[in-house]
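Following the hints, complete the assembly by docking chain B onto the known chain A.
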Amino acid sequence: MILERKSDIFYCQLLFIAVGIFFSILANGQDVCSQNLEEARRQFDEGRFYNIELIIAECLDNGFTKQERIDALELLALTKLYLDEMDKADSIYLDLLRQDPEHQVNELVDPPDLMFLHNNFRTKPVFYWSVIAGLNYSSPSIIHDYSPFSFETTNEQYKAKLGYEGGVSIEFNVYKDLYFGGELLYSRKNFLFTDDPEFYSETVSNEYNISYIEANHFFSIPLIAKYTFGEKRIRPYFYGGLSLDLLLFSNQNDLSKLSPIDEENEDLASLNISNLRNPWNFSGIIGIGARIKTDGISLIALDFKVVPGFTNITKESRRYIGGGEVQGQNVIISGAVSDAMRLNCISLSIRYVSPFYNPKLKKDK
Amino acid sequence: MLMCLISCDNKSTIEPRQDITFLKIYGSETRNEAVDLIYNDQSQEIIILAKSFENGSSGSRDIMIIKTDLYGNNASYFFTNSTGIDEEPIAMDINGSDIYIAGAVIQEGEKDMMLAQFSLGTNTFLWVNAYGEQNKDETAFSIEIQSSEILLAGSAEDSIDIDNDQNFDVFGLVRNVRIVDMDGNQILESPRKNSGFVKDIKRFNVNVYHSLSQEIDPISGEVNTQIDAGIFDGNFGTGYSPQLEGNDFPVNLIRQDSRILALGFFSNQRNNPQESIGTFLFVAPYDQTNGNIISGSATIIRDSFFETLEIIPVQLLQVESNRYLILGTDNDNTIRLVKFEEGGSNTYNLLWDESFGTKRPGDEAGMVVSYNSEYFFNATITFQSLSDFTKIGLFKTNSSGKLDF
Numbered sequence: 001m002i003l004e005r006k007s008d009i010f011y012c013q014l015l016f017i018a019v020g021i022f023f024s025i026l027a028n029g030q031d032v033c034s035q036n037l038e039e040a041r042r043q044f045d046e047g048r049f050y051n052i053e054l055i056i057a058e059c060l061d062n063g064f065t066k067q068e069r070i071d072a073l074e075l076l077a078l079t080k081l082y083l084d085e086m087d088k089a090d091s092i093y094l095d096l097l098r099q100d101p102e103h104q105v106n107e108l109v110d111p112p113d114l115m116f117l118h119n120n121f122r123t124k125p126v127f128y129w130s131v132i133a134g135l136n137y138s139s140p141s142i143i144h145d146y147s148p149f150s151f152e153t154t155n156e157q158y159k160a161k162l163g164y165e166g167g168v169s170i171e172f173n174v175y176k177d178l179y180f181g182g183e184l185l186y187s188r189k190n191f192l193f194t195d196d197p198e199f200y201s202e203t204v205s206n207e208y209n210i211s212y213i214e215a216n217h218f219f220s221i222p223l224i225a226k227y228t229f230g231e232k233r234i235r236p237y238f239y240g241g242l243s244l245d246l247l248l249f250s251n252q253n254d255l256s257k258l259s260p261i262d263e264e265n266e267d268l269a270s271l272n273i274s275n276l277r278n279p280w281n282f283s284g285i286i287g288i289g290a291r292i293k294t295d296g297i298s299l300i301a302l303d304f305k306v307v308p309g310f311t312n313i314t315k316e317s318r319r320y321i322g323g324g325e326v327q328g329q330n331v332i333i334s335g336a337v338s339d340a341m342r343l344n345c346i347s348l349s350i351r352y353v354s355p356f357y358n359p360k361l362k363k364d365k
Numbered sequence: 001m002l003m004c005l006i007s008c009d010n011k012s013t014i015e016p017r018q019d020i021t022f023l024k025i026y027g028s029e030t031r032n033e034a035v036d037l038i039y040n041d042q043s044q045e046i047i048i049l050a051k052s053f054e055n056g057s058s059g060s061r062d063i064m065i066i067k068t069d070l071y072g073n074n075a076s077y078f079f080t081n082s083t084g085i086d087e088e089p090i091a092m093d094i095n096g097s098d099i100y101i102a103g104a105v106i107q108e109g110e111k112d113m114m115l116a117q118f119s120l121g122t123n124t125f126l127w128v129n130a131y132g133e134q135n136k137d138e139t140a141f142s143i144e145i146q147s148s149e150i151l152l153a154g155s156a157e158d159s160i161d162i163d164n165d166q167n168f169d170v171f172g173l174v175r176n177v178r179i180v181d182m183d184g185n186q187i188l189e190s191p192r193k194n195s196g197f198v199k200d201i202k203r204f205n206v207n208v209y210h211s212l213s214q215e216i217d218p219i220s221g222e223v224n225t226q227i228d229a230g231i232f233d234g235n236f237g238t239g240y241s242p243q244l245e246g247n248d249f250p251v252n253l254i255r256q257d258s259r260i261l262a263l264g265f266f267s268n269q270r271n272n273p274q275e276s277i278g279t280f281l282f283v284a285p286y287d288q289t290n291g292n293i294i295s296g297s298a299t300i301i302r303d304s305f306f307e308t309l310e311i312i313p314v315q316l317l318q319v320e321s322n323r324y325l326i327l328g329t330d331n332d333n334t335i336r337l338v339k340f341e342e343g344g345s346n347t348y349n350l351l352w353d354e355s356f357g358t359k360r361p362g363d364e365a366g367m368v369v370s371y372n373s374e375y376f377f378n379a380t381i382t383f384q385s386l387s388d389f390t391k392i393g394l395f396k397t398n399s400s401g402k403l404d405f
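So the protein sequences, as listed, match chains A and B.
For the first sequence, this note's numbering gives the first residue as 1, with consecutive numbering after it.
For the second sequence, this note's numbering gives the first residue as 1, with consecutive numbering after it.
Be aware that a few hints might be false.
[To be verified] Just a few of them, taken from the derived set where beta-carbon distance is under 10 Å, the chain B residues facing chain A:
1. 24
2. 26
3. 27
4. 32
5. 66
6. 74
7. 75
8. 76
9. 332
10. 356
11. 393
12. 401
13. 403
In short, the hints are calculated from the structure, not lab data.
Remember, predicted model here, so these are calculated numbers, not experimental data.
Don't be surprised by glycine CBs; every beta carbon is placed ideally from N, CA and C.
Next comes chain A alone, as it looks inside the complex (with noise of 0.2 Å):
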């Protein structure tokens, strides 16, 4: 047993010692490497160019850290230049690009040689995609006006109520700052109705309170064009586009029952009234917003839009069947007739925005 003993531990100090070796040798290649860049970095401030790409060409298979590794390409590209070795240059920058895609030259600092390099080559994102969430408000433009009252005794009233929104987009560059791209977005619009109709009466207000909220499910295709300033940390931009939206189901939800003012209102179940509704309809999109660069390669976008309705959502030829196979059955039930409208939304969204990097030359270099 004590034999048994002896030899895990001899076994476990081997195994210690044996990692401890092998970080060793790679610290210590890492720290030859530095020390490689270092001295690389003297002989190009001392104009000596040639030894520089032997000096760090082992470092280059393996030995640097990322940053080291770029550092060093973006030096042995430079000192291609000098050597006026253009397509080895722009061999290494293209390498580095691949490997650093949202490299970034400083004209006060870098010199000039390296600018013109770093602009030979597409370094924008060929396209971005993104995730979103948000929150909408919502609220219809009226074009004709229905009512099953006496229209003189009505008092319709819409309110914009908060809905929500998510889906996934993606835009190409098509133009330095020029962004063209299209989402596919899932959004729930929400408004609220109200009418107090007076019925006759000789004595007491005799106001009928009459109430839903209706929920109209979109899955929206908006394409547009976005224009973007600059690549700092924080990166604004606008855009407008269209959109078609096909409505997928609309519903009346909390719906009052037609009863007296001060009657206890009981709340019915929803009434489907998707029948009633056209199910294509376009929009228009204007926006403007901010990407904000994270630590990493993605960035984080608020997105504020406006989103006026073009087309109108009640389907003329059903405003009185709406679901039901009777006539007049949804207006009664709801105690509202559909108005001919179009449906409004602002929103405000949160985006997780990744950029897909394809570096190369550009063609009329």
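Just chain B, lined up with the frame of chain A:
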């Protein structure tokens, strides 16, 4: 727009479209039931006759008139507001700028035939008259104005001589017709020999009428429909009684091309039928010179769509030369508007059959009028489970019976 979206408080102040079909709801603080409807071509107003009352409250029953424009807006309400008297309107007719309303008036336990005059010019009830004898209830179901005289037809309680032995065997409902002048003064009361009541009446000339009646066997209680043609000082019962299996109920009659068309329905229920087991149409040609129904020429139409049209109809209306509407309520409490046409040789074809309302107990069809190939009809609508929250619905459909356009 952004401000609007942020404040998001939109009052819909846009004028309603004026060229469309509609469904409008009217009412007062009491229970309201639709009864009759007239479109006044002169003023382009729709006039709705309704009952206004509170359940179980004696003296609360009033005549209610609602006037709206052609689009169902600008509704104005008028009531008799009589104290201690219950009025029960049933039908109305228009004469110039006056509306005459028939029905019953109940005062201190006495129920009499009622005639009321309402001025469309001043929007006031000018008078409400009662006609009847003490201890004999009487009701007018039909009214027709012709030759400056008003024909009221309905029922009266009286003694009935069943076997014509000059002895009165039972006390029950008999048919009754009264003629009054335009100021409400009675000119004539017709004989009352046959059991039952007159449901509808049309005057042929000064002395001759066509009526649609319901016979009630005072012994068995069996009810049957009968078309009568007679003179005002003559007998009821000189007309045509179709041979049906019983429990057939009359609705109304129209005259067209020397024929009387009368609509009725069948029910398994003998009194106050709430369910229908089919409808039927009488077609009874009459002599154009004297108005007499031509013996042996009458036909009962029960086949085609009539047999399966299980509605309790309230009106048959001619809307084109050979096309007609039927308004009624089916056994699911759905209001039905049916259009059919005559195909010749007593064949009738269904054109369309449309449903309206809520499928809830309490929805009942009122009356229908046509207007430029569009149809107005009124209905009693009971909302949700509140049986007392009963209001008037006014529907205007296009010529296809659709509310939408």
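These are the hints, each one checked on the structure:
no., hint, verdict
1, 24, "6 Å, holds"
2, 26, "7 Å, holds"
3, 27, "5 Å, holds"
4, 32, "9 Å, holds"
5, 66, "8 Å, holds"
6, 74, "6 Å, holds"
7, 75, "4 Å, holds"
8, 76, "9 Å, holds"
9, 332, "9 Å, holds"
10, 356, "5 Å, holds"
11, 393, "7 Å, holds"
12, 401, "8 Å, holds"
13, 403, "4 Å, holds"
In terms of the numbered hints stated before, the structure departs from none.
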